[in-house]
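Protein chains in written order, with numbering that gives the first Met the number 0: chain A, 0 to 662; chain B, 0 to 662.
Don't read these hints as lab results, they were simulated from the structure. Hints are supplied without guarantee of correctness; some may be wrong.
[What the hints assert, rightly or not] 27 Å max Cα-Cα, derived DSSO-like pairs, lysine-lysine:
#	chain 1	residue 1	chain 2	residue 2
1	B	K469	B	K171
2	A	K86	A	K147
3	A	K74	A	K214
4	A	K119	B	K141
5	B	K466	A	K527
6	A	K466	B	K233
7	B	K233	B	K285
8	A	K153	B	K119
9	B	K153	A	K620
10	A	K141	B	K153
11	B	K214	B	K255
12	A	K232	B	K620
13	B	K97	B	K168
[Unchecked claim] Part of the chain A face toward chain B, derived, beta carbon under 8 Å:
#	residue
14	E205
15	P585
16	G615
Where is the CB? At the ideal position from N, CA and C, for every residue including glycine.
Number of protein chains: 2
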Amino acid sequence: MFLTEPQVYELLERYGIETPRHRTFKRGEEVEWHLFPAVVKVVSPKIVHKSSVGGVVFVEGPKELQRAVEELFRKFPDAQQVIVEEKLSGIEAFLGVKRDPSFLHLIAVGLGGVLVELLKDPVFIPLSASRSETEKKIAETKLYRLVKGYRNFKGNLDLLLELIEKLKKLLKENPEIAEMDLNPLFITENRVVPADGRAVTEPPPERPKFRPLPKELFRPRTVAVIGASTNPKKVGYALVRNLEQFQGKVFPVNPKHEKVLDFKCYPSILAVPEPVDCALVAIPAKGVPEVIRECGKKGVKLAVVISAGFGETGEEGRKLQEELKRAAAESGIRVLGPNTLGFIVPGLKLNASFSTVTPPPGETSFLSQSGALITAVIDKAAEERFGFSEIISLGNQADIEITETLELATRDPSTKVVLSYVEGLKLGAELLNFLNRKPCIFIKAGRSESGRRAAASHTGSLAGNYKLFKDAVETKGGIVVDSLEEAFDTANLLSTYGGIRGRRLLVITNAGGPGTLAADYAEAEGLKLADISAAVEELSRGLPPNWSRINPIDLIGDATSDRYRFAFKTVEKLNTWDAALVIVTPQSMTDVPEIAYEIVKFKERSRRAVVACLMGGHSVKGGREILKNNRVPNYPDPYRAVKSIRRGVWNGLSSSEARQEKA
Amino acid sequence: MFLTEPQVYELLERYGIETPRHRTFKRGEEVEWHLFPAVVKVVSPKIVHKSSVGGVVFVEGPKELQRAVEELFRKFPDAQQVIVEEKLSGIEAFLGVKRDPSFLHLIAVGLGGVLVELLKDPVFIPLSASRSETEKKIAETKLYRLVKGYRNFKGNLDLLLELIEKLKKLLKENPEIAEMDLNPLFITENRVVPADGRAVTEPPPERPKFRPLPKELFRPRTVAVIGASTNPKKVGYALVRNLEQFQGKVFPVNPKHEKVLDFKCYPSILAVPEPVDCALVAIPAKGVPEVIRECGKKGVKLAVVISAGFGETGEEGRKLQEELKRAAAESGIRVLGPNTLGFIVPGLKLNASFSTVTPPPGETSFLSQSGALITAVIDKAAEERFGFSEIISLGNQADIEITETLELATRDPSTKVVLSYVEGLKLGAELLNFLNRKPCIFIKAGRSESGRRAAASHTGSLAGNYKLFKDAVETKGGIVVDSLEEAFDTANLLSTYGGIRGRRLLVITNAGGPGTLAADYAEAEGLKLADISAAVEELSRGLPPNWSRINPIDLIGDATSDRYRFAFKTVEKLNTWDAALVIVTPQSMTDVPEIAYEIVKFKERSRRAVVACLMGGHSVKGGREILKNNRVPNYPDPYRAVKSIRRGVWNGLSSSEARQEKA
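Bound conformation, chain A alone:
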């Protein structure tokens, strides 16, 4: 349903939102109005874009107004009303509301005017954003600069934020609003008032319900494999083989076999003599719903449906997936998948997947809507000794949605960082509530038109709008990265330090060039070079006369571990920095391993984030190993180091809040 301008104004007024002084007049009614200049507009639920059809007229006096009203009624014979309102002025902002099926209502705020689509200034703010989170997000816009005072512009930020708070309340209490434009919104030092309003109502979208997962769901003590096989080419074999290392009990299920590998095999899940926490299902798709019901009877808590041939394949598969969902709901069992790679908990030596490799244990939970990505990531992680608390392949998300696994991971004591690869999200609004618990890193696919098509053909889930996702998640403290490499660079840092508390960066280097580059990157990323003036005198006593005397601290090319140690011991006493980047290039005097040990000690003593950048190849290999063994994050290029530090600024606040901390 379309709401006309007076209807929208009425709704706004109910929530204490100021509207322009206005009055509506019916066809034939006498037009009494004394405030000029004024605007007169046609009112009709059939006319969406009034100005493009000539339905808006600016008038300077009563006679002109009278003529304009008559003209409008003549021009639009269906219209029964016109609205007359004061003509506003001020900073022209854009204020809009969009209801996304996943994130629900989002409020768009930014510079308005004719160039709005060209400038792309507006940011999207979710309803769950606090007033301060809202302000921090708006601070990224150009509108904010104008409102705070720029050239002869100045607005009233408090009034703007109050309006947005009221609008949030309005939207929470009116979920049927599908979209709303309060555009343009005029901002002056005394008033923040929309000069137009239109809205569309539609019943809220049907969405799955968020259901918290039980604490031990992905930490089973017993695992059954339904569809276990003795044929090494089959998935049902790979699953059992991968479970050989598992610390708990394993029950292959297949009526055709007595034994699979060294495990006794059972004809059905119901025949297993002990309780089963988790069942892996690897039988043809058709039989899966029935097996889920059997699992329900058995009291299985988690069914992992490896089998493909569901929603990702077409109409028939979609029907089967619906049946699977019903079976799960009726049996009270939670289902991962279908079309999932499975899940892995390295700490329990539990590889409940068909990935041949198990990565080392660690403190990163990796949740992925792409199974293939998991195989690549595990393979690389194993090589680089990057550890995980758990890896979960979401598959088609017939039941368990990625938001639910993320929420569970934020409660898991073995997890410090949650890293999610997301294509489509159904429970976006709920997701936002958990991002302040632990650092959550996201890599989001499907940002481009072409990307979205590929995502659609991939998991059958429609990838959402990248901009909405990024704005909503960042407003609430999530960390959105561009690439897998960046995701793991950042996870490496966050799993070590949990989150860097501020953005003041110290750079120590034995080479000017890389130090300069690091300073460039810091500025580009919104970090701040820490003030070291309080330590310059002391540093000068131990460093060669041509040291830089500023941050980046250039120790000069002939620096040995002694000089690095001296610098570390001196800057440790400063409380003007939050993170230190130590750059080492292999020059003739450089004793890399000894410097690496000094970096480790520096990290341990300083109790702040210390990050290394050992540049080079063979000459720094030993140093790299020392750093890895002692959990000092190390990057091959200052660019990746600084970017990771920037992404790692996290303190349970939103990333835009963090960006402004100690600014």
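Since chain A is already given, all that's left is putting chain B on it; use the hints.
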């Protein structure tokens, strides 16, 4: 000297540039003017910002004009003139001229208006840009969108470009112009006219002269080491030791020794019995100018001054550097350094530096203003078997400037790509003339305030303005990257393919997720997903029914080398793509080495750029080796692969031209 508005208009008119209809009136003169609305402004060399002191008045008719003129003369008793001109309207653009000491005149063009500094729309165009290069650069601005037609905006691009061409001519013939603002510039469909003009003239800056280097300068047959030493801790020893592998002749020089390592040592350069092409100088700074004169007498062509203690150390060092320059000029010898690491030509086994490692031979020339960066790069390159045609450390650039080495490298038949690490550039205007000869990659340090400070304290050369550098270099076809990693990723691609001719990308993958990410990156980087519709039918005959049917071509997770080969053979026939990215994730059926061989054959047959992304660790190691041995560029992450392809779009045109090719 300050040029007033009428003076600027007169200058513009001399070059056929349209100015607003205008007339000047002296104090007391009768004001005759009939074109309204009009603008009247005070004219005075002392008033730079007329509007901020109330020196600009808009008038609607003759009486108002008369009053305004009187008022202006009263208000500004020193002023002897006013100018009256027609009031212009249209798209408000910004047009300005800046004379940079390195790049000389640059023309800034972009959106104007009160938000000009907030929007940062203008781009900087060097005088050497052709009309088409100018247009391609302007196409990056928002102004361009408006001029081409956006909402109710429309301008005349031809007139704008003509104006810029005339302005270029004006600036070439008036080098004394230090800055000029033609701001605002009003653009309509019929006219492009500045509504104001001011300029400042100053004598052109003193700049070093570009002197082309002789072809064989860095390819000596004989090398002397002045300051050779038998003490393994001294640079004079390291230099001789590094020359042991050299294919040419080596002459240590030091009156204290008879022999250094296995080489006969001479008391002075003049005592060497054969001609010396190149002399490495590693003696205390003070003695260097004298030695340079001796080298001159000996007929040495290139002196490489390793010694430090010159311009980088303070006033005394600067004086010594001036003396060194004079000595070089008087002796007709070219000098690299001082404070240089030296240079390396792997193909001649010539390591004329104190870097202990020599990288393998290759086709990339690496020019660096940071010596420490070179040691790190060489070390890494040796590990990764990345090869170089030459590596040159510029040092303080007392004589040889990086532009001269770049120009020489573009003439060197063994070099396919030139990669430069730049802090400060003295011959920017000249540099621009060589960027269409070969792909030239730049990494520019000192973009931030803090970065600039670090650069200043590092090599004693002031790092220029990053934005000017990037705009000027990209306009003329240079490739500016953000990080060292990206620089080498790009060099790897360009040294293999020389330059990708268009931006149509084909993606072939066995995993949907990474394929989707690649499509996202392609869109973000301005690449285009190639149209494969002509091959869909044939592909469908050999691929499983659930293949993607669009580009990215998802071969599905169980793809083996047979399926990859089939896809390669089919898409080879398409002429709708310029570069192909092949993604491989290690899944259970994936025969990585065989797929790698198929990629190599695909590359060889298709004769276009084929780039691989083998994702993972141990499982793809063998494949990586096969690709490396067969020169297929391979990247660990789709992000780096796509970014390198984008950077590698080069065809001797400017990068913005390339960006638009086949759009």
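Status of each hint after checking the structure:
1. With a C-alpha separation of about 22 Å, the suggested pair K469(B) and K171(B) falls inside the 27 Å cut-off, and the hint holds.
2. At roughly 23 Å between alpha-carbon atoms, K86(A) and K147(A) fall within 27 Å of each other, so this suggested pair holds.
3. With a C-alpha separation of about 66 Å, the suggested pair K74(A) and K214(A) falls outside the 27 Å cut-off, and the hint is violated.
4. The hinted pair formed by K119(A) and K141(B) meets the criterion: a straight-line CA distance of about 11 Å does not exceed 27 Å.
5. Taking the CA atoms of K466(B) and K527(A), the gap is about 20 Å. The hint holds against a cut of 27 Å.
6. With a C-alpha separation of about 58 Å, the suggested pair K466(A) and K233(B) falls outside the 27 Å cut-off, and the hint is violated.
7. With a CA separation close to 18 Å, the supplied pair K233(B) and K285(B) stays within the 27 Å bound.
8. The hinted pair formed by K153(A) and K119(B) meets the criterion: a straight-line CA distance of about 20 Å does not exceed 27 Å.
9. Taking the CA atoms of K153(B) and K620(A), the gap is about 60 Å. The hint is violated against a cut of 27 Å.
10. About 25 Å separates the Cα atoms of K141(A) and K153(B), which keeps this hinted pair within 27 Å; it holds.
11. A threshold of 27 Å between alpha carbons decides the hint, and for K214(B) with K255(B) the separation of about 35 Å lies outside it, so the pair is violated.
12. About 24 Å separates the Cα atoms of K232(A) and K620(B), which keeps this hinted pair within 27 Å; it holds.
13. This hinted pair checks out: K97(B) and K168(B) have alpha carbons roughly 15 Å apart, not beyond 27 Å.
14. Checking E205(A) against chain B: minimum C-beta separation of about 26 Å lies over 8 Å; hint violated.
15. For P585(A), the interface hint holds, the least distance from its beta-carbon to any beta-carbon of chain B being 5 Å, beneath 8 Å.
16. Taking 8 Å as the C-beta cut-off, the interface hint given for G615(A) holds, the closest approach to chain B being about 3 Å.
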